[in-house]
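Student: Protein chains in written order, with my numbering: chain D, 1 to 374; chain Z, 375 to 754.
Be aware that one or more of the hints could be misleading.
[As the list claims (entries may be wrong)] Simulated pairs of lysine to any residue, SDA-like, Cα-Cα distance not exceeding 25 Å: (1) D:Lys14 / D:Leu26; (2) D:Lys283 / Z:Arg386; (3) D:Lys283 / Z:Phe407; (4) D:Lys14 / D:His149; (5) D:Lys283 / Z:Glu585; (6) D:Lys14 / Z:Ile588.
Treat the hints as calculated values from the structure; they're not laboratory data.
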Amino acid sequence: MRFSLQRLLAMARKEAIQLRRDPRSLAMAFLVPAAMIIAFGYIISFDVRDIRVAVLDQDHSAQSRALVSAFEAAGRFDIAARLTRPEQIDPLLNRGAVRMALVIPPDFEQNLLALRPAPVQAIFDGADANTASIAMNYSEAIVTAFSSHAVLGTTALTMPIGVQSRVWYNEALESADMIVPGLVAVIMMIIAAMLTALTIAREWERGTMEQLAATPVHRLEVICGKLLPYLAIGLVDVTAAVLIGVLLFRVPFRGNPLLLAAMATMFLLGSLGLGIFISAALKSQLLATQTAMLATFIPSLLLSGLIFDIASMPLPLRLVSLAVPARYFVVVLRGVFLKGVGLDVLWRQGFAMLVYAVLGLGLAVRAFRKEIVS
Amino acid sequence: MNGRLLNWSRVRQMLQKEFRQMLRDPRARRVLFIAPILQLVVFGYAVNTDVRNAATMIVDHDQTYESRALVSALTSSGYFRVADRSQQPRDLVSALDAGRVLVGLEIPEHFARDLAAGREADVQLLVDGSSANTANVALGYATQIIGQWGLTHGAATAAFANSDARPGVDLRVRAWYNENLESRVYNVPAVIGTIVLLMTLLLTSLAVVREREIGTLEQLMVSPLRPLELIVGKTLPSVFVAFVDLTLITAVSLLWFHIPFRGSAVFLFVASVFYILTGIGLGLFISTVSNTQQEAFMAMFFFFLPAIMLSGFMFPIANMPAALQYVTYIDPLRYFLEIVRGVFLRGAGWRILYPQALVLAAMGILVITAATRRFHKTTA
C-alpha cells in the first residue's frame with residue numbers, strides 16, 4: 001500500500017473528533033500545562049529569606065545588642081524569639097519553630113573590648129542542609145563585618161580583597177528565570193506522553209483495535225494521523241507556556257523563537273511517539289498510565305538538570321541522565337531564553353532532539369505493527 | 375442478606391478477587407514492587423543540592439605567589455575545582471556560554487602589589503545564574519573563602535588575623551540533626567513520602583473508572599455486595615501493597631543510604647496508616663468522579679505534581695509567597711514530610727508531631743467518606 005496523505009489526514013480527523021467528544025480531557029490538556037507554569041513560577045524559589053532566629057543573649061551589653069541588630073539589619077533574619085535559658089533552644093529547633101539559635105555568652109563585650117577572642121555560638125537546624133549552609137554563609141559574613149568593625153575601630157573598614165561578583169544570564173538571581181524555561185520541558189514531556197499513552201491501549205480495551213486493523217490504512221498513516229492532533233495541542237501548550245513566562249514572570253527571551261519552535265516540535269514528536277510506544281506495547285490503560293508516569297515524569301523532573309545539578313550526581317546516574325530527553329531540551333530552553341545562544345552552541349542538543357524524534361516515531365510504528373500482526 | 379453493614383465472608387471473597395486481579399500480571403507486579411525501590415535509589419542519588427567541585431575557570435593576570443595561593447584556597451575547600459585556565463577574558467565568556475564552567479574567577483594585574491600595600495585588591499567573580507540553586511550557594515562559598523583568605527593575607531589585617539588569640543568575634547557554627555550538612559539525609563525521608571503518595575494514587579485512581587470502562591462495574595453492582603463492602607474490598611489490597619512498598623523503601627533508605635533513624639518506629643507506623651488511607655481515598659475519589667481512564671490519569675497528575683511542589687520537599691515552604699503558604703495546609707504530603715523528617719532526623723515523636731498526625735487522620739476520614747458518597751451516587 002502506498003503512503004497517502006489523504007488517509008493520514010482522515011485518521012487525524014477521526015482522532016480529533018474523538019478528542020473533542022471528551023471535552024474534560026481536552027480542557028485539561030490545555031489548562032494543566034498553563035496552570036502548572038503559573039503555579040511553579042511562584043512556588044519555586046531558591047532564595048532564602050526570613051530565617052527565623054532565637055537569640056539567647058547572656059551578656060545584655062551594648063555590644064551584644066549591636067550584634068543582634070546587625071543580624072536584624074541584614075534583612076535575611078527574623079528574630080523570632082528571645083530566650084533566657086539554654087534549655088529553651090532544643091525544643092524550638094526540634095519543633096522547627098526556628099532555624100537558628102544565636103548564643104552570646106556573658107563576657108562577650110568584655111572580651112571584645114579587651115581585644116581577646118569573643119566566642120559566639122550559632123546553632124543551625126542542619127536537617128535542611130541547603131538552607132542551613134546558605135544561612136551559615138550569611139551569618140559568617142555578618143559576624144566578620146561586625147568583628148572587623150569592632151576591633152579595627154570605628155572607621156569604615158575596607159576588606160583587603162574586594163570581591164566584585166556578577167551573576168550572568170540572571171543578574172538578580174531570580175528563581176523564576178532559572179525555573180520557568182526549564183519547566184516547559186518537564187511539563188511538555190509529561191503532557192505529551194500522557195496524551196498518547198492511552199490512545200492505542202484504549203482501542204484495545206474497547207475492542208476497536210480490530211476495526212482499525214481491518215481498515216485499509218498503512219501503519220505509518222495510523223501513527224502519524226494519531227499524532228497530528230496531539231502535536232497541535234502540544235505546540236499550543238508550548239506557545240502558551242513561553243508567553244506566560246515572558247509576560248507574567250518577565251523572563252527574558254534573548255534567542256531565536258524559530259529555533260525554539262523547531263526544537264519543541266522535535267521534542268514533542270519524540271515524546272508523543274514514546275507515549276504511543278508505551279500504549280501499543282502494554283495494551284492496558286492501567287499499565288500504560290503507570291509506566292508513562294514512572295518512565296517520563298520521574299526522570300524528567302530529577303535527571304534533567306532542572307532542579308538538581310547533574311554535575312554533582314554520581315557517575316552511573318550521570319550516564320542514565322544522558323538518556324533523558326528532557327535534559328537536552330532544558331539546556332535548549334535556558335540557552336534560548338536566558339543566554340540568547342543559537343545553533344552554533346546548541347547543535348549537540350539539536351542533534352539529540354532529532355535522534356529522539358526519529359527514535360520515538362520509529363518505536364511507535366514498530367510496536368504498532370507487532371500488535372496488528374499478532 | 376443480614377442487617378450488618380459488613381459481612382466478612384463476602385469481603386474476603388472480594389479481597390481475594392481484587393488481589394488476584396492486581397497481582398496476576400507480572401508486569402503489574404514489577405510496577406508495584408520493583409519500581410518504588412528503583413525510584414528511591416535514583417531519587418536518593420539525584421536529590422542532592424550540595425555544591426561540590428563546581429567547575430571553575432581561572433583567569434589569572436597577576437601570576438604571583440599570592441594569586442596562586444588564593445586559587446588553592448578555593449580548591450582546597452572542596453567546593454570548587456579548576457576546570458580550565460586562560461589568559462583571555464574572552465575564553466571565560468565562551469566557557470560560560472557553553473555551560474562548561476559554572477564559576478569564573480578573574481584576578482587582575484597588581485593583585486599581590488595592592489594586597490601588600492594595604493590597598494583594596496579587586497577580584498572579579500562570575501557565576502552562571504541559569505544553573506538553579508548552585509549559583510547562589512557557590513557565590514556564597516566563594517565570597518566567604520576569598521574574604522577570609524584576604525583577612526589573613528592583607529597587610530592591614532594580617533597582624534590581628536594571624537595572631538594566636540585572634541581578637542574579635544569568634545563565631546562557632548554547629549549544625550544539629552545533620553552535622554555534616556548532607557542534603558541527602560534531609561531529602562531521602564521526603565522521597566519515601568513522595569513515592570508512597572505516587573503508589574497509592576497509581577493503585578486506586580483508575581480502580582473504579584476502569585471497571586466502568588470495561589463494563590465490569592455492572593457485574594459488581596448486581597453482586598450482593600454492599601457499598602461499604604465494595605469500598606473495603608477495593609481499598610484494603612491497595613493499603614496492603616502501599617505498606618509493603620513503604621517498608622521496602624524505608625529499609626533501602628536505612629541500609630543503603632544509611633539515613634539515621636532517631637525517632638519512634640511505632641509513631642511512624644501509625645502516622646503512615648493515616649497517610650496511606652488519605653492517599654488511597656484521594657485516588658478513589660478521583661476514580662469515582664472521572665468518566666474515562668484518561669481523565670482520571672490527568673486528574674491524578676494534576677493533583678500529584680502540585681502536591682510535591684507545595685510540600686516543602688524541594689522548595690522550603692517558608693520561601694513561598696504568603697498566599698501559597700496557606701495553600702500548603704491542604705497538602706497531605708506536607709504533613710507527612712514533617713513527620714518523616716522529624717522522626718528520622720530529629721528523633722521527634724507523638725509529643726511534638728501529634729498535630730500533623732491528627733490532620734492526616736482527619737484528611738483520611740474526610741476523603742474516604744467523600745469517595746464512598748460519590749460511589750453511592752454513581753452506582754445508584
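Student: Indicate, hint by hint, whether the structure satisfies it.
Tutor: Hints and how they fare:
{"no.": "1", "hint": "D:Lys14 / D:Leu26", "verdict": "holds, 15 Å"}
{"no.": "2", "hint": "D:Lys283 / Z:Arg386", "verdict": "violated, 30 Å"}
{"no.": "3", "hint": "D:Lys283 / Z:Phe407", "verdict": "holds, 21 Å"}
{"no.": "4", "hint": "D:Lys14 / D:His149", "verdict": "violated, 76 Å"}
{"no.": "5", "hint": "D:Lys283 / Z:Glu585", "verdict": "holds, 16 Å"}
{"no.": "6", "hint": "D:Lys14 / Z:Ile588", "verdict": "holds, 22 Å"}
When each numbered hint is compared with the structure, violations occur for hints 2 and 4.
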